[in-house]
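Trainee: Take the sequence shown: its letters are residues 1 to 708, numbered as in the numbering used here.
Calculated from the structure, these hints are not laboratory results.
With a Cα cut of at most 30 Å, we get these calculated DSS-like pairs of lysine-lysine:
| # | residue 1 | residue 2 |
| --- | --- | --- |
| 1 | K509 | K409 |
| 2 | K87 | K62 |
| 3 | K533 | K610 |
| 4 | K364 | K426 |
| 5 | K523 | K509 |
| 6 | K523 | K610 |
| 7 | K515 | K439 |
| 8 | K610 | K509 |
| 9 | K409 | K504 |
| 10 | K610 | K508 |
| 11 | K426 | K371 |
| 12 | K62 | K515 |
| 13 | K439 | K508 |
| 14 | K364 | K509 |
| 15 | K173 | K137 |
| 16 | K137 | K186 |
| 17 | K439 | K426 |
| 18 | K515 | K533 |
| 19 | K508 | K523 |
| 20 | K523 | K439 |
| 21 | K426 | K409 |
| 22 | K371 | K508 |
| 23 | K186 | K173 |
| 24 | K364 | K409 |
| 25 | K509 | K439 |
| 26 | K523 | K504 |
| 27 | K439 | K364 |
| 28 | K409 | K515 |
| 29 | K508 | K533 |
| 30 | K137 | K116 |
| 31 | K123 | K186 |
| 32 | K515 | K504 |
| 33 | K515 | K610 |
Values in this document were obtained by computation on a predicted structure and should not be read as measured data.
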Amino acid sequence: PVPQLDGTFDLNDPVLLLNRELTWLNFNFRVLAQAEDPRTPLLERLKFIGIVDSNLDEFFMKRIGGLRQQVGAGVQTLSADGRTPQKQIDEAYDLVRTLVARQRNVLSRLRGQLAKQDVRILKASDLDVDRRAALRKHYFENIYPLVTPQATDPAHPFPFVSNLSLNLLVTLKLPSDEFPSIARVKVPVGVDIERFLAIDDSTHFVPLESVISDNLDLLFPGMEILSCALFRVTRNANTEIEGDEADDLLAQIETELRHRILAPIVRLEVGADMDPHLRVMLATEFGLDEEADVFEVGGMIGLGDVQQIASLDIQHLRDAPHHPVDHPSLADERSVFDVIREQGSILLHHPFESFATSVERMLKEASEDPKVRAIKMTMYRTSADSLAVDHLIDAARNGKQVTVVMELKARFDEAANIRWADRLSKFGISVTFGVVGLKSHGKAILIVRQESDGLRRYVHIATGNYHAGTARVYSDLGLLTCDPQIGADLTELFNYLTTGYKPKRQYKKPLPAPKFLKPALLKRIRSEARHAKAGRPARIQIKVNALEDPGVTIALYQAARAGVQVDLIVRDSCRIRPGIPGLSENVRVISIVGRFLEHSRIYYFLNNGKEEYWIGSADVMRRNLGDRVETLVPVEDPVLRQDLRFVLDMQLADKRSGWEMRSDGSYERCGRIDSDAPGTHQLTIDWAEERYRDATRLKRRKPRGLPG
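Let the hints inform the model, and build the full structure from the sequences given.
Mentor: Quick look at the structure:
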């Protein structure tokens with residue numbers, strides 16, 4: 001509800017702060033709205049159904065898991081918004097149930113619309129005799145050998161159930177038995193077995209669990225099948241072991257990963273057709289509260305798997321294909337280093353501009369360039385199809401000094417990062433794991449090159465990971481520069497990351513966390529407030545994924561009350577309440593949800609006409625400002641500032657993808673659902689393509705000089 005305040009505001013009143021968990025769940029209602037939007041192609045709408053489900057899986061593993069640990073430890077400490085851990089869980093569960101019910105309703109309507117396009121999800125029993133027999137044959141030959149039924153009786157305790165695995169709970173008995181038995185069958189969805197089996201290479205699909213259920217006589221010959229219902233468990237992912245001072249961080253992370261496999265269960269999802277007695281039995285077996293922790297699901301469980309169908313190559317049901325263009329400055333064969341040195345800094349807009357022909361190209365050139373002496377790089381998340389690792393290995397083979405700061409505690413990527421670290425180390429690359437007790441979340445590359453006038457440092461600072469996959473679907477920014485001061489400061493930052501030694505390190509341009517960033521943000525927010533009080537124009541604009549830090553939130557309230565115009569573009573969690581009379585009337589909160597995932601961070605301060613623009617990896621969250629190594633850098637080139645101004649103004653005016661927050665924390669669309677106005681992402685695609693065409697036209701017209 002909107003807080004009822006009398007105008008004498010106590011900025012420490014918890015009612016002024018929205019809850020992190022609830023505002024994050026509300027973000028998923030905006031994601032789900034994309035699945036309801038008739039302007040969005042059908043398969044893209046199905047994709048958003050899957051995204052909501054995957055988001056909820058992560059929410060239970062990370063956020064509910066952490067809150068459950070607090071409850072188990074007897075923690076009664078109130079959150080910044082005045083809630084106990086248990087109250088946060090209770091309110092989150094209510095919201096989750098509302099979200100899931102709406103998601104299922106949307107999916108039901110979507111399936112009807114997809115069926116009209118001959119894209120169908122069927123039960124095995126829906127098939128005609130011949131197709132059903134063919135499916136049984138395929139199952140018997142290709143999947144059945146991988147299926148292992150497990151009985152539950154005094155000789156066989158209830159089997160271990162892995163996180164997010166799909167399972168069938170089967171009740172059955174021999175004709176001569178008086179009482180039924182129970183068996184569990186794990187549905188073997190994995191790398192080589194997809195969830196949905198295509199029928200005759202058509203766009204008709206049957207879920208694997210339906211195929212197994214339809215052929216239980218193969219697993220239990222001679223048995224009478226009494227019931228078969230689907231279930232899935234979610235386990236806590238918060239298994240961090242005490243001891244940040246561990247001598248061997250690698251061994252510690254490996255131990256944590258082993259513990260995560262066996263972590264406590266925090267959610268049980270069951271099919272709506274499951275017998276209530278079996279539901280109680282499962283809840284008891286897993287140590288759950290049957291009323292609170294069991295979520296009854298009508299239809300399929302684990303809807304993240306519908307991405308398989310959403311990715312079908314049916315163009316009229318998909319968004320128009322998008323192919324990133326080259327940045328205009330990098331559209332020819334000149335060395336990236338020559339371009340940066342001669343033309344100045346470059347601002348990259350992904351996925352609208354190519355990650356491969358900018359960042360990966362720079363690393364490739366650095367690996368082969370005999371003038372390059374050293375490459376230093378942070379790595380938080382990467383992917384098998386990213387060429388960054390290959391280029392670093394090539395650089396090491398070519399005799400360059402290569403250092404990688406690998407973050408081993410990147411949630412859900414720990415095992416992959418251990419493998420990357422091992423691979424890099426085998427080629428003589430110096431791999432370090434950052435500063436003990438802090439996550440290395442900043443995204444930076446430092447390349448040292450020998451040039452005619454001495455060593456020159458080339459830098460890439462990014463808002464997103466060095467991950468080719470996310471670079472195609474996340475909206476991010478990157479700065480390429482050879483600014484001498486930024487290069488010198490990044491050298492200091494890498495020395496901090498590789499040694500952990502921190503006394504007396506100073507930075508003239510970047511704002512690193514944890515030591516400098518939050519004080520610098522608070523200083524700038526308070527400076528804008530002073531300008532407003534003095535009658536001067538004052539403005540703050542911040543674009544981030546989340547605004548959660550209470551201290552910064554209160555400072556923004558103070559600035560708004562002083563007369564500062566505060567424009568916030570916040571993707572998901574946001575604590576501040578806009579529009580409270582006498583307090584936050586000058587605050588506007590916008591959320592952009594569309595084709596790509598908003599991931600860039602921009603900080604703008606009017607600064608009495610001496611404008612400041614910053615980009616980097618940090619959100620306005622306590623963990624980013626206090627528990628991570630982050631970096632913001634200034635964008636000083638007037639042309640690049642125009643690019644950032646374009647992004648901010650466009651998103652604040654977006655009538656297609658934009659949602660505006662009300663004082664009670666709810667959101668409403670900024671435009672009409674029947675409007676055909678393009679949104680942020682289509683406008684940026686058009687802008688990038690037009691800019692690229694203009695640049696290439698100019699290059700073709702450029703005179704080549706006189707002959708002879």
